[in-house]
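Protein chains in written order, with my numbering: chain R, 83 to 435; chain G, 3 to 269.
No wet-lab data here; the hints were simulated from the structure. Fair warning: there could be bad hints in the mix.
With the C-beta cut set under 8 Å, the calculated list includes, among others, these residues of chain R facing chain G [claimed, not checked]:
id: 1; residue: T85
id: 2; residue: Y96
id: 3; residue: R147
id: 4; residue: W314
id: 5; residue: P315
id: 6; residue: M321
id: 7; residue: S328
id: 8; residue: V331
EDC-like cross-link-like pairs, simulated, lysine to aspartate or glutamate; straight-line CA separation at most 20 Å [unchecked claim]:
id: 9; chain 1: G; residue 1: K20; chain 2: G; residue 2: D62
id: 10; chain 1: G; residue 1: K113; chain 2: R; residue 2: E91
id: 11; chain 1: G; residue 1: K55; chain 2: G; residue 2: D214
id: 12; chain 1: R; residue 1: K103; chain 2: G; residue 2: D62
id: 13; chain 1: G; residue 1: K189; chain 2: G; residue 2: E28
id: 14; chain 1: G; residue 1: K55; chain 2: R; residue 2: E323
id: 15; chain 1: G; residue 1: K204; chain 2: G; residue 2: E224
id: 16; chain 1: G; residue 1: K16; chain 2: G; residue 2: E28
id: 17; chain 1: G; residue 1: K55; chain 2: R; residue 2: E91
id: 18; chain 1: G; residue 1: K20; chain 2: G; residue 2: D214
id: 19; chain 1: G; residue 1: K228; chain 2: G; residue 2: D253
id: 20; chain 1: G; residue 1: K186; chain 2: G; residue 2: E31
For glycine and all other residues, C-beta sits at the position ideal for the given N, C-alpha and C.
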Amino acid sequence: MNTNTQKVEMQHAYAAQIGRKCWIMAIIISLLIISFFIDVSTGPGNYPLSTVLGVFSEPESHGIRLQVIMWDYRLPIAVTAVLVGALLGLAGAQMQTILNNPLAEPFTLGVSAAASFGASLAIVLGFSVVPGVGGLLVTANAFVFSLMTCGFILFATRLKGVGSETMILFGIAIFFTFSALLALMQYMASEDQIARIVFWMMGSLSRASWDKIALGGILLAIAIPFSLLRTWPMTALRMGEVTANSMGVDVPRLRVEMLICISLLAATAVSFVGTVGFVGLVGPHIARLLVGEDQRFFVPLAAIIGALVLSLTSLISKSITPGIIYPIGIITSLIGVPVFVSIILSTRREKLS
Amino acid sequence: MLSINHIYAGYPGKKVLKDISISNLEGGELVGLIGPNASGKSTLFKSIAGLIKPLSGSIDLGSVELTQLHRRNQARLVAYMPQAVGCNAILTVFESVLLALKQTTGWRVGKADLHQVSQVLDTLELAHLANRGIADLSGGQAQMVAVAQTLVRAPAVILLDEPTSALDLHHQLSIMNAIHIETKRRKPIVMAALHDLNLAAKFCDRLILLNDGRIIADGTPELILKMPELGETYGVSAGVERTTRGALYVDAHLTSSVALSCNYVSA
């Protein structure tokens with residue numbers, strides 16, 4: 083009887099934890115929705131929230147001016163913030179699990195630097211890697227270079243003797259390489275082009291468009307079920323590669339599948355908004371602290387928190403100085419670096435103890 | 003019944019197992035695999051578990067040929083517990099055992115899953131640790147959790163690679179005891195690679211002595227431990243006695259002159 087009560091207690095405790103995690107998810111989603119609407123209603127022309135909601139619920143009763151502001155400016159930016167934040171959070175979470183490194187994310191692995199170089203190539207030389215993309219030239223170039231970098235990381239993980247710590251060093255190498263190439267591009271560029279490059283690198287939501295949103299949305303709609311189907315093997319991977327393998331997980335195959343998925347997510351996010359560092363680090367980090375690493379909760383929550391962080395960043399970028407929208411990349415880096423340092427310190431401590 | 007027929011296996015450029023055949027591995031029997039380091043114990047386990055493909059030979063579980071199965075199907079039948087490795091995941095003990103079970107069952111977590119996990123934790127006396135983070139466990143506790151991860155899948159074949167390495171005496175005995183109980187209760191085929199011959203003598207029904215990728219001897223602990231080949235295999239001189247409590251006790255000494263001088267120094 084005693085052992086039976088113990089067993090029942092264990093099951094109840096687990097069920098209670100699941101309940102708690104669901105609540106956390108619900109709360110963060112609510113915060114995201116609130117942040118999204120405040121983001122939409124914030125801007126140079128201060129319309130109250132009721133007016134903003136009115137534009138969507140009964141468009142006829144509001145002027146064309148307000149409709150244009152909402153549909154062509156505010157809404158695409160707010161939606162892009164949420165979408166790109168989710169893409170980066172998801173990519174960061176998966177990268178960290180696959181590479182067994184809590185510091186891995188598109189920015190620290192040099193993917194953003196590669197994208198910047200790709201963009202500068204388009205801006206300065208008008209050179210396109212993908213023929214026939216027209217207006218999306220800069221985005222397409224950034225995408226191709228991010229994808230190439232992810233491919234290189236994928237290849238590097240398969241080399242013998244490349245541990246999870248070495249991956250970050252690879253990231254630094256990639257970062258320096260593309261920074262140098264980028265400097266070369268800037269040297270060759272005209273003043274106007276330099277301004278465009280610098281602006282691109284700072285990461286901005288003002289490049290939002292409904293086309294990009296549709297593309298990113300489709301990608302996210304594919305990536306989320308794809309990731310959720312693999313949550314159990316991915317959780318097993320957190321026990322270590324050998325253990326996961328012994329449990330029947332085909333680790334090399336899982337790695338390749340996930341890295342392809344991550345590459346697409348990261349490349350898309352970076353090519354849409356430029357260098358937005360550390361969102362892929364902060365999202366998963368907070369998610370891990372809140373719900374642990376059962377990937378059924380960790381992965382979606384990392385994406386949602388990534389979305390929340392970027393949505394809040396968008397809000398902050400408009401609120402610091404009225405009338406000026408600061409590039410979000412600056413703000414995410416300022417928020418992200420302390421988190422980055424704290425993760426380094428905490429993992430060091432683990433190793434010492 | 004598991005039978006291993008003329009297995010050759012290894013890694014590129016290095017043949018580890020040379021013509022290994024073991025027959026009549028029955029359910030309910032705890033088989034100890036003994037032999038010096040690098041004698042091929044882990045490679046044999048990995049071959050049976052399907053983690054490496056044997057170069058030739060076959061491994062049959064009843065009428066099923068294991069080497070022909072898909073990885074995941076093989077994991078359903080054979081559970082392999084690798085040598086202990088640390089991990090820093092933020093998962094509770096309960097979650098970590100559940101995830102082992104969920105690798106071979108569906109995506110959804112049902113009542114039956116929770117029941118199975120709590121059952122195993124209860125049997126292994128880990129109930130009080132269920133909500134503890136696995137990164138915070140002691141070496142012995144982590145090893146017990148690894149055993150739980152293996153047993154929870156209720157496989158037909160259980161392979162344990164040095165389940166007692168790096169553990170204190172109490173944990174060595176409690177792990178071997180738990181494995182022994184499981185072997186007799188549910189009657190899976192259980193093989194354990196062991197370094198401690200006294201532990202092997204105490205808990206195993208059958209011992210297989212491996213050296214340099216070949217089987218040297220196969221039989222009851224009493225028979226194997228008394229063989230002159232045992233000392234030769236390990237490079238020691240060994241004698242076996244019965245203690246006053248009736249257990250076999252292996253008394254081993256180093257044989258080489260270098261070792262003797264070392265003994266002299268340490269004495």
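Exercise. Where does the structure disagree with the numbered hints, that is, which hint numbers, in rising order?
Worked result: 3, 12, 16 and 17
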